[in-house]
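Asks: Listed below are the residues making up each chain.
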Amino acid sequence: MRTSPEDLRAQVASLAETFSDWEGVSLQAGIDMPQLTVAKENLVPVMQALRDGKFRFAHCSMITAVDHMPEEPRFEVVYGLYSPSCNQWLRVKTHCQEFEEEVPSVTGIWSGANWLERECFDMFGIRFQGHPDLRRLLMPEGYEHFPLRKEFPRDGIEPGRLYRQWDEGRRREGAEEESAS
Amino acid sequence: MGLLTEKFDDNVLTTRVDWLLNWARLSSIWPMTFGLACCAIEMMAVGASRFDIDRFGAGAFRATPRQADLMIVAGTVNFKMGERVKRLYDQMPSPKYVIAMGACATGGGPYYKFGYTVMKGVDRIIPVDVYIAGCPPRPEALLEGLMLLQEKIRRQKVLRAPQLEEKPKAPSLV
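Just so you know, the protein sequences line up as chains S and F, in that order. Position 39 (the first sequence) corresponds to 38 in numbering that gives the first Met the number 0; numbering is contiguous. Position 173 (the second sequence) corresponds to 172 in numbering that gives the first Met the number 0; numbering is contiguous.
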């Protein structure tokens, strides 16, 4: 459902009252829903306040990222929040550099963010600090690429090479399991 | 047959052991319930009344590999699923057969070049008896594949060594 511009302005106005005294937070009217840009140092307290505050954003609907290479900072991590009690959507954005730099995890606020962050790590290589189990979700263990990054080869990877990588990985895993048992 | 003539009633018949075993096997191929992508929709159509795989004795889809004779790999196998496909195949009791249904299971299909996570053909991990072309194949194509597999089973030798000079004949589908 498309939000009308009047509705959107009203939503932003009501949210702005709450956020006007917060530091490092800027609120814009996006195309379809209000959006909040946060520095990643403030991410956890802001998210906590969003969940427990007036609007009760109880549902973290999605987490994804945008690769803006070659711009700096490179990645934009996007969170989609929904408040069932107010029927209100909100998009929260934060920025981060290459994957040595970590984004704080929101799994402590919404436990459902666990797999969403894992998927984001799997596709973009963005590390989430404080995530309980940051493994690959959709790709096999030992996969060497992050498929949604801009540097992923546009022409694909040679099929034989992909297979060899996968096969070596599972042989290695099998050997490790055997030596462990 | 002079010795046996008139010794039994009419409910006894004599046959070859090979023929009997092969007939029993090919008449009750139990496939595994195993759909991975859109090919599975066609496979379900084959199981339903319009195409009716039960006519070939292969309608008993088993939910466990331990009761299944046939694995119909119906759909795209990605690397993470490949591990599981291999394990399921290993859990099936012999004699076991595999049908690679559709372009993806045969050779990666539309994901051959750009699919970053798709196994380019399920025959990289398990042996395949019958390949079916199509994306997805029509239900009739799956039935033809099943009949080809039945012909293959019919020519198996259980007790005698395979006779090498005997050329496999093209199966008659009529």
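Careful: at least some of the hints might be erroneous.
Said to hold, decoys possible - Here are the computed distance ranges between Cβ atoms for each label pair:
{"no.": "1", "chain 1": "F", "residue 1": "Ser48", "chain 2": "S", "residue 2": "Glu143", "range": "17 to 27 Å"}
{"no.": "2", "chain 1": "F", "residue 1": "Thr63", "chain 2": "S", "residue 2": "Asp166", "range": "25 to 35 Å"}
{"no.": "3", "chain 1": "F", "residue 1": "Thr63", "chain 2": "S", "residue 2": "Ala174", "range": "45 to 55 Å"}
{"no.": "4", "chain 1": "S", "residue 1": "Glu177", "chain 2": "F", "residue 2": "Phe113", "range": "33 to 43 Å"}
{"no.": "5", "chain 1": "S", "residue 1": "Glu143", "chain 2": "F", "residue 2": "Asp122", "range": "39 to 49 Å"}
{"no.": "6", "chain 1": "S", "residue 1": "Leu136", "chain 2": "F", "residue 2": "Ser26", "range": "54 to 64 Å"}
{"no.": "7", "chain 1": "F", "residue 1": "Ala59", "chain 2": "S", "residue 2": "Arg134", "range": "58 to 68 Å"}
Said to hold, decoys possible - Partial pick of chain F residues on the chain S-facing surface, computed with a CB cut under 7 Å:
{"no.": "8", "residue": "Tyr115"}
{"no.": "9", "residue": "Arg123"}
{"no.": "10", "residue": "Arg137"}
Note that these hints are calculated values from the structure, not bench results. Don't be surprised by glycine CBs; every beta carbon is placed ideally from N, CA and C.
Asks: Of all the hints given earlier, name the ones this structure violates by number, lowest first.
Replies: The structure breaks hints 1, 3, 5, 6, 7, 10; every other hint is satisfied.
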